[in-house]
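Number of protein chains: 4
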Amino acid sequence: MKSGHVKIDWVYRFMPLLKSIEEEYGPQKPLKELRIGMSIHLEAKTARLALLLRDLGAEVIVTGSNPLSTQDDVAEALRERGLTVYAKRTEDERVYMDNIKKVLTTQPHLILDDGADLTVTAHTEYQEALKNLRGVTEETTTGLRRFRALHKKGLLKVPVIAVNDAFTKHLFDNRYGTGQSTWDSIMRNTNLNVAGKIAVVCGYGWCGKGIAMRARGLGARVIVTEVDPVKALEAVMDGFEVMKISQAAKLGDFFITATGNTKVISEKEFLEMKDGAILANAGHFDVEVDVRALERICVEKYEARPNVTAYRLANGKVLYLLAQGRLVNLAAADGHPVEIMDLSFAVQALSLIHLAKTNLEPGVYPVPSHIDEKIARMKLASMKIEIDELSEEQRSYLENY
Amino acid sequence: MKSGHVKIDWVYRFMPLLKSIEEEYGPQKPLKELRIGMSIHLEAKTARLALLLRDLGAEVIVTGSNPLSTQDDVAEALRERGLTVYAKRTEDERVYMDNIKKVLTTQPHLILDDGADLTVTAHTEYQEALKNLRGVTEETTTGLRRFRALHKKGLLKVPVIAVNDAFTKHLFDNRYGTGQSTWDSIMRNTNLNVAGKIAVVCGYGWCGKGIAMRARGLGARVIVTEVDPVKALEAVMDGFEVMKISQAAKLGDFFITATGNTKVISEKEFLEMKDGAILANAGHFDVEVDVRALERICVEKYEARPNVTAYRLANGKVLYLLAQGRLVNLAAADGHPVEIMDLSFAVQALSLIHLAKTNLEPGVYPVPSHIDEKIARMKLASMKIEIDELSEEQRSYLENY
Amino acid sequence: MKSGHVKIDWVYRFMPLLKSIEEEYGPQKPLKELRIGMSIHLEAKTARLALLLRDLGAEVIVTGSNPLSTQDDVAEALRERGLTVYAKRTEDERVYMDNIKKVLTTQPHLILDDGADLTVTAHTEYQEALKNLRGVTEETTTGLRRFRALHKKGLLKVPVIAVNDAFTKHLFDNRYGTGQSTWDSIMRNTNLNVAGKIAVVCGYGWCGKGIAMRARGLGARVIVTEVDPVKALEAVMDGFEVMKISQAAKLGDFFITATGNTKVISEKEFLEMKDGAILANAGHFDVEVDVRALERICVEKYEARPNVTAYRLANGKVLYLLAQGRLVNLAAADGHPVEIMDLSFAVQALSLIHLAKTNLEPGVYPVPSHIDEKIARMKLASMKIEIDELSEEQRSYLENY
Amino acid sequence: MKSGHVKIDWVYRFMPLLKSIEEEYGPQKPLKELRIGMSIHLEAKTARLALLLRDLGAEVIVTGSNPLSTQDDVAEALRERGLTVYAKRTEDERVYMDNIKKVLTTQPHLILDDGADLTVTAHTEYQEALKNLRGVTEETTTGLRRFRALHKKGLLKVPVIAVNDAFTKHLFDNRYGTGQSTWDSIMRNTNLNVAGKIAVVCGYGWCGKGIAMRARGLGARVIVTEVDPVKALEAVMDGFEVMKISQAAKLGDFFITATGNTKVISEKEFLEMKDGAILANAGHFDVEVDVRALERICVEKYEARPNVTAYRLANGKVLYLLAQGRLVNLAAADGHPVEIMDLSFAVQALSLIHLAKTNLEPGVYPVPSHIDEKIARMKLASMKIEIDELSEEQRSYLENY
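Going down the list, the protein sequences come from chains A, B, C and D.
In terms of the UniProt record's numbering, the first sequence has 257 at position 257, counting the first letter as 1, and numbering is strictly consecutive.
In terms of the UniProt record's numbering, the second sequence has 371 at position 371, counting the first letter as 1, and numbering is strictly consecutive.
In terms of the UniProt record's numbering, the third sequence has 190 at position 190, counting the first letter as 1, and numbering is strictly consecutive.
In terms of the UniProt record's numbering, the fourth sequence has 56 at position 56, counting the first letter as 1, and numbering is strictly consecutive.
One chain only, chain A, in its complex shape:
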């Protein structure tokens, strides 16, 4: 069997929620006669989701959500299973945008977006794509920020379901998923020791919390940087050191960004860093570590290991950038663990089914809470975990006391 199919078959076994949805909804084909444009990090787990949507009745057209995160063998396997796929790992940014547009040309009824590139392009350069569009589901914090900015300016033309904001998504994916997969990627790409090292985590949102928690779990001493004083205080109480990035720059062995912002680590910091410091980004876009500044100030640049670029600075020190500053867990490893994506993608699938049968005004909507609860119960059941139910007396106490 070819590698793309082997990969997809592996994840099938560890995504019980998608299987349950297939079994429960498959016979009704709730997405039939709908064309879905998907912009995703194309690897085995997202491929599994694409196949589920197809099996729920949809016509599915797939593109990447990040040039480097596409796995070509998986793309090929999806094509062999009958989906339309416009994605390739080696593409440059222009090719990436061309593929985005190819998806839009099909005038999809629904968009499953990851970072908002597909939908934002439909609102700007390629507005005919809005014609059929009935709704969008968005996977990431970053994408939602973009949609909300768009809506604030009165420019959003479709309803967007904030998949990322579902409890069963962001509480798990951003924290446990990003936490594990970021360190998986750093370890496999560097073979360096984590215990006893200093890990600087920029941002203490759910992703940063997960990265910091796992850094400690691997034995690192953790420093957190933040701009939000409440989150900064939370990091302090969690036992981490908190300081400015300008102070942390001198101390860190590993630097990981997860802020959703730009130029979090830049020239000034690079010049202060220790020889051999490792730089990685776990945020959606490749702007958190200021790669352009690195390119500008380095005196030499070379490939130190696969996925590791060495930048020698004029001060003689060498900094190592993982995955060119792109999402380190996706561009240089296999992304979130399978079971975590099973949770997130169950939210996606049920949200798309929800969009297919409702008619919403433009705006950004939360995932209905019954979806969250349903998914959590499905997941617990798949783990054979039973929980308590409120008794009548308890329910009444909560309401009336």
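Treat the hints with care, since some could be wrong.
For chains that are exact copies, the list does not tell them apart, and a pair is met inside one copy or across any two.
Claimed, not checked - Lysine-lysine pairs mimicking DSS-like chemistry, simulated, CA-CA at most 27 Å apart:
1. K384 to K263
2. K153 to K131
3. K274 to K244
4. K29 to K88
5. K274 to K250
6. K152 to K2
Derived from the structure by calculation, the hints contain no laboratory data.
Here the structure is a predicted model, which means the values were calculated and not measured.
Given the coordinates of chain A, assemble chains B, C and D onto it according to the supplied hints.
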């Protein structure tokens, strides 16, 4: 110096935020000509808050919020410093309610409530107390639940500020405060080992999270029980075992409730427990461990240590209940750590100042976000921790990209 | 029932190993016709051990091993149960030594020592006490160091069993016991928050490891100081910061010593500390925090809370010393958790039985490994934990492959 | 540059101790005129050690210590740098033994062994190799067990230095090295989530402790199995569940063996396991998971992912075995982190220098403690960490008090 004053002087030194507020607002006397009724667990830290409110210009009348949590020496010290105090540790429930009413008789302009007993009584048995009342601040999850239930029925007559919901309150007080002080109380009252024992934590809200986190930090194996599937799943992902209380009953060495609900552990569970099991409640009311059922089914009852009541059951086993099932950290120890209460009480003080200068309709209101941010910044400053500020470019990126 | 008896009854229930030994050996009276001098921190758990030794046939004479760690109600209860007790909490050093001598006057056949004061005095000031003496068991690292120094000089006249070195003693008592009880004492005596604070742990032996582990478990940021480079490196790899005490002095909120050495924190460090720093000693003798230097350099000294002495320095800062620099978990709390002492005291009891039936040359001897294994098996059985047994094939593999 | 050289250059930068040794001892050539036979897991870090020994004057002949752990590109790079290398990844067991014998044919003066295959073969099938042999250094627990068994039978003909027993080796390599690299390998080869899963760790020696600690650090619920009651009790006190493998078999999602024994998980357990269970071995030999039993009882076998073999049993369940049951961190990942091996290999290098200048009787010797201390100091210095020194007064206190 008498013990009440010694206790108050000690906490003074470790409550830098109240001191900062005193320095910043004291000269303006923003609470002058206002009478504040306080219902609180009366010990050194709440005494410090009462003194601050007095120094901000208010006339302060103090009562307890739980019969067993009043420390008489502190009450005495407050009286000696000129406050009116109606509270005593040895009081029975009737005396407790009498004191509540004594406070209401003064017709306060503002109420600082902890569990809502004071304000609820003003809405029911003693409605003349509503005459001057301009607003309430409520400290606990439990109290807010009661206020929201009241408001839903259209019965709430005053604006209530949800102090508990402030980030700088519930993220810190409920989690780190309850977490530490619950175990402090269990350890000091039992002298039992925690490492290697099985701790059953009922409820995985912020309090339960804190108690579970510290149980693990002390070396226990932790079992969580929940009724909410999302929280249950979160506990699983945090590495805890999750099961029904009926299963956990057979396994636990320590049982701690923090649900806000009633009869979380009851007769059926008591009969399944191991000989020597320890029962403690960390929720607001003494109904979580079903003490009446214990009293009913026991064949013998005796004081095993101070604050530890032994119940011998007909099956020969002995269960030990701490603090008669009341809030274990308050009724059998010193409550939350000083610095944690400094945070919460800074929210209280600034919320009361806010109420004093605004005019709100009846309802439950969040703490204004500028108060949260101000307090977090004050706290970081008191720890000499500096954090990053967004650059113009970053701010613009977040808004426009 | 009087408080001493209540305390002893409580620990009875949580010391299953001593109970098992009583049941297994009691009928044979293996210690009959032997007089045992015990020097111990006299509280409920050691009282339970004394009663076991009596029930194994011995005549038991008890004194303290530290002036401040004697609980008078327990001493009284022991007397009421027929033992001879020379110990009192309020005694001064001279009274303490007098009591030591009173025990020696009885010319015991066996000594159970804790810190070596009793036996060392028998070798120096009161040598007639050596006449009947057939052997000694020593509880602490500190005591063993003294015995080994004595033996190196050729002065040791009796065999000493190194109870502390038994796996079931030092792996558990020093680590889990000291770890929990030190923080229990600090929390109950200060009511201060641990999460987010900086805890400086001096010494990374088994005690220091336990204290550091629990400090982290309570949310502190931990700094370790060491003189041994291998232990220092281990602390680094465990994720702790390691530095000199001179650097740590400026940073710490809590300082805890557990080195077995003298003047670990002294004048130079005191002068660098932050206002409000808390000082505690978890080592055997009260010389680790240099209390004399504190007394000399302070401009004011007062009782800030029970067990907390405030020292105001000329630089205006106030340092708080717990328990006068004595063992903080014993002098200002209830010592190790009950179940931990059950393990250690099982080693004591079986070692004394071993001494009673063997005839050894002077020297320091390890606890026979069969005792260690027996105790570990007894403890697992008491927790209803079953473990694997080697198969014949596995045993042969280990020996022959 | 070819991949083998790139890999070696990468590790050079993160092995400061080997560099320090090169700088300190290189000029003296302490190993000149000595031929060293090395049996090692041949990858970049061991290659770096081989190059150091060459630079210290030795003639170095290299073979593997495990058929699957050889990286061919690194072997090639070593050949290109002038060393003699007899090792290949795809070799079968016979080829492996042939290579062992090729090294012995050169009649080395010193052997650096990893698992004892090279030296044991020299004592059995190829005794002429003993002629020049002056000493051996052994890296692993398993190898030392074999040497001690040999010595007990009077068959050991050379002195062996127990590198594994050095503090700077086993406290770090077995615990932090195996801990991290085992999970790195499991995560990269499966892409499965660890948080919320049940990890069964067989063996609670230093390796097992490390694996269990990291499993918890990654969010797993951990079950430990042991045959030694003291270690079992330690695992309990560390907060882990302890039970028999027969009970754990039904519960685990991941099973990792690290016992040094054979058939730790075998047919009886396989039949009880959950569908989808993952099996991995972190012990030296591939006998801990009983692969032969798996082969015998499976009804289908296929490659599920690279390094993951699926075994479908007659009960319909599929078990996944990583790396064919060989050392999972070496055979299916990059082995221990670079810096950890730097510590271990510093012990190797200084032990070989020690052997070169001393003349020892056959036997198993500890690493001299001055080597341990020197290495720890070198490592701390490389991290710019300063530690305290004993004062004269303190040294005297420790000796005389």
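Verification of the supplied hints:
1. In the homo-oligomer, the alpha carbons of K384 and K263 lie at most 27 Å apart only across protomers (25 Å), although the nearest pairing inside one protomer, at 45 Å, exceeds that limit.
2. Taking the shortest Cα distances, K153 and K131 sit within 27 Å of each other inside one copy (21 Å), while across copies they are farther apart (46 Å).
3. With identical chains, the CA atoms of K274 and K244 are at most 27 Å apart both within one copy (16 Å) and between copies (22 Å).
4. For the identical chains of this complex, K29 and K88 are neighbours neither inside a copy (30 Å) nor across copies (54 Å), given an alpha-carbon limit of 27 Å.
5. In this homomeric assembly, K274 and K250 come within 27 Å of each other (Cα to Cα) both inside a single copy, at 6 Å, and across copies, at 25 Å.
6. For the homomeric pair K152 and K2, neither the shortest alpha-carbon distance inside one copy (47 Å) nor that between copies (54 Å) is at most 27 Å.
Of the hints listed earlier, those the structure fails to meet are numbers 4, 6, in rising order.
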